[in-house]
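**Q** Spelled out, the chains give:
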Amino acid sequence: MTPPDDAILVENLTKTYQVSEREGGFGAAVRSFFKRKYRDVNAVQQVSFQIRKGDVVGFLGPNGAGKTTTLKMLSGLLHPSGGTARVLGFTPWELKSDYLRTMTLVMGQRSRLSWDIPAADSFLLNQAIYRISDADYKRTLAELDELLELAPIMKKPVRNLSLGERMKVELAAGLLHRPQVLFLDEPTIGLDITAQARIRTFLQEYNRLTGATILLTSHYMADVTALCERIIIIHEGRLKYDGGLNELSHKIAPFKLIGVAVGNAASPDLSKYGTPVTNAEDGEKSFIQVRAEDVTQVTARLLADLPVHDISISDPPIEEVIEMAFQG
Amino acid sequence: MLNVYKRLWQVNWAEQWQYRANLVMYLLFWLVSPVVYLAVWTTIARSQGSVGGLTPNDFVTYYMTLLIVDQLTSEITIHIFAYKIQDGTLSGELIRPIHPMLTNTLVNNIAFKALTLMTLVPVWAVLWMLFQPDFSSVTWQGILLALPAVLLGFAVSFLIGATLTCVAFWTTRVWALVEFYWALVVLFSGQFVPLQLMPGIVQQIARFLPFQLYKYFPIELVLGRLSQSEILFGYGMGLFWLLVASLLFRWTWRNGLKQFSAVGA
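Chains A and B, in that order, give the protein sequences.
Per this note's numbering: the first sequence = residues 1 to 328.
Per this note's numbering: the second sequence = residues 1 to 265.
Here chain B stands alone, though its shape is the one from the complex:
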């Protein structure tokens, strides 16, 4: 099986590299919002001294960490898989004795990450020079503690993304659902603003949703800003959502296949 992943990596990496120009465009587009949030919040914090207990440096370190964490936990399955259901390309992958989602699609996601992270390096360097962040709160223990959280965040985000993609088996209107999901992610993952600054009720709800696993939870772990009980609760919720997402995905995949009409040939 390891061999399969190795070969899939070679194929997918080669493909990603082929389309690297596309990627740079995508990355520039994607970078705009976090950098804008960074600039805006830092400016506000500078003029007021702090916002909700967060200093300008807190904002800078938060968003710069977010740039990396976001790339690590995000997934692009809807973009690379939904069309295959609708135009029948899925057929070729379905009759191979490996799971199309858990092998090829997963590896494609990872190859995409590898390329975007590479391109992120110069951007990060520029931001470092511009904003002079103070990362002294970051320790090796913090990073080590954050790594499983990042893995968990990606696993949950991948499985939920895959589940939503499977909705394409039933309807071509899956994109509306996905856009709604992305809106929830922006709100509840701490992308728009660190969750501490959200209204109390939103923070309460966010604690029980999976979205903060994608950004807020790993970022705060890296920056060493969580109490022990918060860490335990976060991981506990993460494992719960991993289970839920796995079951959801299994169910939608199995039943989606029954709906599959293999058109296009």
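Only chain A is shown next, with the shape it has when bound in the complex:
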């Protein structure tokens, strides 16, 4: 029985695929007709975690790490090879109607709406499928409209919408039944900056308004830093880290970035102070990486030795921190 506070409880979840493989070329193709070679792919290995109701958790990892596979098991699409999972007290892959009514899965790269008809018609279909009363439907749609500005795009056939607009209606369609658990697989992928920001704000608001639990995967750090206090890192199918974003930074990369803008025109050689790194976001300064405990000392030396007219001390970009976590 899932404890009342837990929305999601995962224990030793494992998924192993068997993938047939063969080399290229005609000879190999003919041989594979008679005898197939299979290889085990350990997509998810013994992953365990718990998520409480109302939490917004980011699921990170390089491509092929097992994030989407885990999400598919939690939403019931895949049967695991081993382990257990309970979401709101249900075993997801039993695909019980009661479970499906309380959750939603929105995948950024895949549209679930009917291509040729306006989103509004798909919404009405969902209203019937999820048995939403007219009153609830109107109320939820009004809220979603306000947060996502759906009015101008609802009447157009989905195929005529831009990517950003399509994402909005996808999200809206997935939330009409006010699910308590949201699984979002790269919801902002391919969107422009404004659309991404809009979706992020929307998700924050939605979480605040409804207390829904959100588990989202993303490649965009901005998604994670904006929405998630807690992140889970998966790499090669294994759980590498489960905790706060800030703590990760301190734990994995206890170093800082010092950026200096030096008076004379030439780029100074800072290699004796720390490890030079490039920072694409700030072209005016030269950056070095130093251990956290050395910051004060190095800063003092820099200020003493060079004609510094601008200096900054910052945490390394979260992407790099995650990169290092992947390798660990």
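Incorrect hints may appear among the rest.
Unchecked claim - Reference excerpt, derived from the structure (chain A facing chain B, CB under 8 Å, subset only):
#  : residue
1  : Tyr-17
2  : Arg-39
3  : Ser-75
4  : Leu-77
5  : Leu-100
6  : Leu-105
7  : Arg-112
8  : Ser-114
9  : Leu-124
10 : Ile-129
Derived by calculation from the structure, the hints in this document are not laboratory data.
Heads up, the beta-carbon is just placed ideally off N, CA and C, and yes, glycines get one too.
Starting from the known structure of chain A, arrange chain B on it as the hints suggest.
**A** Relative to chain A, chain B alone:
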């Protein structure tokens, strides 16, 4: 639940209508073989007076009825569903709290029928003018008796089609199996030729197979050409096959889902 079907109908009908040009092409292609059989058998019967006890008019009425019955009992599930298993589109339908096969796919089949039957009307009119059929053997009782048979034929054909489509969960080579199934249908359903003209042993086997439910049995009911014992036996077999097909489908769907790898995302 009724609301769900109503909405699904609206969505699916709109889609079918969008692709109506496609449909006309499909229909023209599909029409070729029954019309050819009609022309060939009628010509042979005319030159010989009758074939196996069937007059030219018997052939004309048989094939013209077949055109309608075939559209009513046939199903297209393999075409509209198999790809969803393989490219992952099924995922979106799977996490909705309704059965993808028994709702959306079923309604899609019916919407397709509605459109093809509409387009069949002018074709039928032309054939009527060309062949001047005598449908005097058809009575209202016959048609009423045939309606449940048509329903049964569609139910069995739909469930078997759905079961075969589920084989796609296990292998991409499902199409070979389906082609084999279609060959059996042509042979044993009375599409190629009215079953009375098939060799005795084939007729015996056909009695116990589900395929004649799709065409031969409803057609003969409409044309009033079956004895009471044949009618009872036909319906009995139909109900038996409905049960078998339901169980088969349930089993393959449930186990197919366990195999589903939800790729494509």
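**Q** All hints are to be evaluated individually against the structure, with a verdict given for each.
**A** Tested hints:
Given the 8 Å rule on beta carbons, the hint for Tyr-17(A) holds: about 7 Å separates it from the nearest Cβ of chain B. Here the hint on Arg-39(A) is broken, as its CB sits about 14 Å from the closest CB of chain B, past 8 Å. Interface restraint check: Ser-75(A) against chain B, minimum CB-CB distance 6 Å, threshold 8 Å, status holds. Hint status for Leu-77(A): holds, given a least beta-carbon distance of 4 Å to chain B, under 8 Å.
Interface restraint check for Leu-100(A): the shortest CB-CB distance to chain B comes to about 4 Å, inside 8 Å, so the restraint holds. Here the hint on Leu-105(A) is kept, as its CB sits about 5 Å from the closest CB of chain B, short of 8 Å. Taking 8 Å as the C-beta cut-off, the interface hint given for Arg-112(A) holds, the closest approach to chain B being about 3 Å. For Ser-114(A), the interface hint holds, the least distance from its beta-carbon to any beta-carbon of chain B being 6 Å, beneath 8 Å.
Given hint, Leu-124(A) at the interface with chain B, holds; its Cβ is 6 Å from that chain's nearest Cβ, closer than 8 Å. Annotation: Ile-129(A) was flagged as interfacial toward chain B, and the flag holds, the nearest CB pair being 5 Å apart, inside 8 Å.
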